[in-house]
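A.B. asks: Knowing the structure of chain A, use the given hints to seat chain B on it.
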Amino acid sequence: GNSVTQMEGPVTLSEEAFLTINCTYTATGYPSLFWYVQYPGEGLQLLLKATKADDKGSNKGFEATYRKETTSFHLEKGSVQVSDSAVYFCALSVRGTYKYIFGTGTRLKVLA
Amino acid sequence: EAGVVQSPRYKIIEKKQPVAFWCNPISGHNTLYWYLQNLGQGPELLIRYENEEAVDDSQLPKDRFSAERLKGVDSTLKIQPAELGDSAVYLCASSSGQGATSSTDTQYFGPGTRLTVL
Numbered sequence: 001g002n003s004v005t006q007m008e009g010p011v012t013l014s015e016e017a018f019l020t021i022n023c024t025y026t027a028t029g030y031p032s033l034f035w036y037v038q039y040p041g042e043g044l045q046l047l048l049k050a051t052k053a054d055d056k057g058s059n060k061g062f063e064a065t066y067r068k069e070t071t072s073f074h075l076e077k078g079s080v081q082v083s084d085s086a087v088y089f090c091a092l093s094v095r096g097t098y099k100y101i102f103g104t105g106t107r108l109k110v111l112a
Numbered sequence: 113e114a115g116v117v118q119s120p121r122y123k124i125i126e127k128k129q130p131v132a133f134w135c136n137p138i139s140g141h142n143t144l145y146w147y148l149q150n151l152g153q154g155p156e157l158l159i160r161y162e163n164e165e166a167v168d169d170s171q172l173p174k175d176r177f178s179a180e181r182l183k184g185v186d187s188t189l190k191i192q193p194a195e196l197g198d199s200a201v202y203l204c205a206s207s208s209g210q211g212a213t214s215s216t217d218t219q220y221f222g223p224g225t226r227l228t229v230l
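These protein sequence lines map, in sequence, to chains A and B.
Each residue of the first sequence is one higher than the one before, counting from 1 in our numbering.
Each residue of the second sequence is one higher than the one before, counting from 113 in our numbering.
Bear in mind the hints are in silico, worked out from the structure with no lab data behind them.
These figures come from a predicted structure and were not determined experimentally.
Some hints could be false.
[Unchecked claim] Listed next, the stretches of chain A that the computed footprint assigns to chain B, with coverage defined by at least 3 CB atoms under 8 Å from CB atoms of chain B:
| id | segment |
| --- | --- |
| 1 | 42-50 |
| 2 | 102-112 |
[Claimed, not checked] Sample of chain A residues at the chain B side, in silico, Cβ under 10 Å:
| id | residue |
| --- | --- |
| 3 | V4 |
| 4 | Q6 |
| 5 | F34 |
| 6 | Y36 |
| 7 | Q38 |
| 8 | F89 |
| 9 | C90 |
| 10 | A91 |
| 11 | S93 |
| 12 | Y98 |
| 13 | K99 |
All C-beta atoms in this analysis are idealised placements derived from N, C-alpha and C, irrespective of residue type, glycine included.
Here chain B stands alone, though its shape is the one from the complex:
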């Protein structure tokens, strides 16, 4: 079974430029997560989707960050414009459950996209 796929693996951009990250979850997984992982820290949730609906985006900085999950499968996370402080690893994860039981569902993580903003 293929795991969570993310691209690109690495991205270097200059500040004020836009950037987009792509994630393909495990087939059949309804729930998709985007996390931000700063150096030396644990991942922090940015947004969670159940199918195509963003059910928790409270931690997403909406002035510059946006995300979409069209057709409830692949997802794209965008930053426009990027700032120096956005340099981090962006992780995508997926899980099979949804609703009240999903808090114990295993989340499967992709390899992440390492963003460097110069």
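Next comes chain A alone, as it looks inside the complex:
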């Protein structure tokens, strides 16, 4: 079946530190991969996506590369800010199934 595994949080970093949140997946077929962010009290917002192997999604300083050989889609940011504190969800969608499969989320807390 299809599944997404994320590193457990919370992840606590100081401002300007480097961020990596690991995400690996299992999928039948060829999935598209997504990172969503959920700020407190809000819905999920798409952060970035990649639709095929070796694609790199990027947005607001965040990046993730679709690695088919390692079935991974790790989220990175070079210098985090306090405003990046949120829960980050990795998700996949297999073409033709329409359904998003989400990971359990990783809470990030950035300290000033």
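C.D. replies: Frame of chain A, contents of chain B only:
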């Protein structure tokens, strides 16, 4: 452009009572989704609509949950009767595409309705 609107934002009810959630998707979005998000978990799909047709309701507990999307715009999700285990956040999302290409369409989420069943 207005985002996905949900109401109410919070609802507290006693078990065995009915409850309903409302969602207004982004204008022009044909596909609408209802998700359940338990505490500390990712969202799980309950039902997906393309226009007014429920095309995937395999994860909807039909003994107590029902949904409708009259006229292919707004949608209502209902629980009757509610149980303690239904306490969760109910998210609505919408996307513009439908058919074979919609798996890569971005889904836009509303803020959710947090349900507490006492």
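A.B. asks: For every hint, state whether the structure bears it out.
C.D. replies: For each hint, the structure was consulted:
Judged by the Cβ-Cβ criterion of 8 Å, the segment 42-50 of chain A is covered by chain B as claimed, because 6 of its residues qualify and three suffice. Counting residues of the segment 102-112 of chain A whose beta-carbon sits less than 8 Å from any beta-carbon of chain B gives 4, enough to reach three: the coverage restraint holds. Taken as an interface hint, V4/A checks out: its beta carbon lies about 8 Å from the nearest beta carbon of chain B, inside 10 Å. With its C-beta approaching chain B no nearer than about 8 Å, Q6/A sits inside the 10 Å limit, and its interface hint holds.
At its closest, the beta carbon of F34/A sits 8 Å from a beta carbon of chain B; the interface hint therefore holds under the 10 Å criterion. Because the beta carbon of Y36/A sits about 8 Å from the nearest beta carbon in chain B, less than 10 Å, this interface hint is met. For Q38/A, the shortest C-beta to C-beta distance to chain B is roughly 8 Å, which falls under 10 Å, so the interface hint holds. Of the supplied interface hints, the one on F89/A holds, with its beta-carbon coming within about 5 Å of a beta-carbon of chain B, less than 10 Å.
Residue-level restraint check for C90/A holds (minimum Cβ-Cβ distance to chain B is 8 Å; threshold 10 Å). For A91/A, the suggested interface contact is upheld, since its CB lies about 7 Å from the closest CB of chain B, less than 10 Å. Satisfaction of the interface hint for S93/A is found here, the shortest Cβ-Cβ separation to chain B being roughly 5 Å, below the 10 Å cut-off. Among the interface hints, the one on Y98/A holds; its C-beta lies about 5 Å from the nearest C-beta in chain B, closer than the 10 Å criterion.
Here the hint on K99/A is kept, as its CB sits about 5 Å from the closest CB of chain B, short of 10 Å.
The structure is consistent with each of the numbered hints, conforming to all of them.
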